[in-house]
Amino acid sequence: MPITVNGEHKDLPSDARISLLDFIREDLHLSGTKKGCNQGACGACTVLVDGSERILSCMALAVQYQGRAITTIEGLSANGEMHPLQNSFIEHDGFQCGYCTPGQICSAVGMADELRRSVPSYVTANLSAGKIEMSHDELRERMSGNICRCGAYNGIIDAIAEVQAASRAQEAV
Amino acid sequence: MNPFTYARAQDAADAVRLGAEKATKYLGGGTNLVDLLRETIEQPEKLIDVTGLSSDIQVRADGSILIGAATRNTVLASHAAVRTSFPALSRALVAGASAQIRNMATVGGNILQRTRCTYFYDNAGSRCNKRNPGQGCDAFEGFNRNHAILGASSSCVATHPSDMCVALAALDAKVHLRGASGERTLLLNDLHRLPEDHPELETQLNSGELITAVELPPLPMAARSTYRKVRDRASYAFALVSVAAAIELEGETVKDVRLALGGVAHKPWRAWKAEAALKGQRATVEAFRAAAEAELAMAVPLHDNAFKVELAKRTITTVFAELMEIES
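Sequences listed follow chains A and B, in order.
Following the working numbering, the numbering of the first sequence begins with 1 at its first residue and continues without gaps.
Following the working numbering, the numbering of the second sequence begins with 1001 at its first residue and continues without gaps.
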């Protein structure tokens, strides 16, 4: 049972030591996913598992993800069309050097799904409420696993908030 | 990283059979072990992936909850019964790490994660009795702002990094174990050890023994419980001090109480002295402060972390005051 990356079946490395991050970058030559700290402290290597679960590919051994579907930043655009978050990051200056951006965007996709499933966060006031109230504090807390050394946080949060608001409005229709 | 082989356990019996072989480690989400492998602090020859084992969460008729050890931290934090009946646990889980790491990390792995003492990780440059027994400890005279103030020894001043375990300690959680000689249950409070002269021995687990589940016993008072974490930045940092607390009142009197501290000791620190001091007292800020004083009276700060003593007292006092305002 191979691993699926951006819809394509791939053979797993034979050496169990290869991280999912190194497999994606060095074996599959998908360089969008970035190696920042390589120790789970920065979020630059964030990818999505089985559609929308965000994980850190630097802390994962590739062999652990046998049979799973991985989506990287390269897999988020469809038919040459950018993902709405990619457009929104450009619109809101959600980056400067761009190194953390693929991780930020994959993380935001995963975060949106966690919100749909009402996963609580440290700043969620009422744990018993079925639906999480979206707020600036919630977005910041939920994105706190992605560090931006350029400090583009205001743009990042604005970009994500706009796409969040649009998808919530669509759900409400 | 040194070379190792990798195998997936089909069930707990399979895992324990494979785990009985020498130089074997169980692998959960990998969020700590992969780092330790990379730094060659852990050098197993075989990894047994136990993430395919039970991740069921069973809510029983008596109000207890049995949690499979392979349950991911996010899943447990999000569970409806945990959120309403044991909110301290849900809040402790979401206080830990980042969303990405919580999606990967398992309950069993969270319990067995190792200290984040920077001297422990500095394999090439620092002495560490936990990493290399008998070598000495560079944290004792080094930068020890993040280190222990309770239960430490001259051989080790490291802290246990888990948030989840602090809530489990306060909630009287039990840990289900399975090993070559059968199954047994330990209180979470008895699972981790204080460092004494052997900081390399961190738990009471036998070689090859596997955590299969965590059990939350029925505790109606835990509906009024919470977790507060104080750290150097607003999120995504380990605790300087953390507090898990539950309180039950009878009129204005404290009928029962649970209190545990994180970020202050080699293990999740159940505050027995504070609990004893509070029971039967009128529930006032003065009583909460006095209970905190009773617990922290035995604190022995290092040169960089004396602030933790007062910080712990204030956090305990504040958390109880806040719990009083929650409708029971």
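Do not take every clue at face value.
Stated by the list, open to error - Computed cross-link-like contacts, DSSO-like style, restricted to lysine-lysine with a CA-CA straight-line distance of at most 30 Å:
1) K1255/B - K1279/B
2) K1255/B - K10/A
3) K1046/B - K35/A
4) K35/A - K1279/B
5) K1046/B - K1025/B
6) K1279/B - K10/A
Calculated directly from the structure, the hints in this document are not laboratory data.
Evaluated hints:
Restraint check for K1255/B and K1279/B: satisfied, since their Cα atoms lie roughly 6 Å apart, inside the 30 Å limit. Note on K1255/B and K10/A: the hinted pairing is violated, with a Cα-Cα distance of about 60 Å set against a maximum of 30 Å. For the given pair, K1046/B sits about 26 Å from K35/A by alpha-carbon distance, which is consistent with the 30 Å threshold. Restraint check for K35/A and K1279/B: the C-alpha separation of about 52 Å exceeds 30 Å, so the hint is violated.
For the given pair, K1046/B sits about 6 Å from K1025/B by alpha-carbon distance, which is consistent with the 30 Å threshold. Using a Cα cut-off of 30 Å, the hinted pair K1279/B and K10/A is violated, with the two alpha carbons roughly 61 Å apart.
The structure does not agree with the numbered hints 2, 4, 6 stated previously, though it agrees with the rest.
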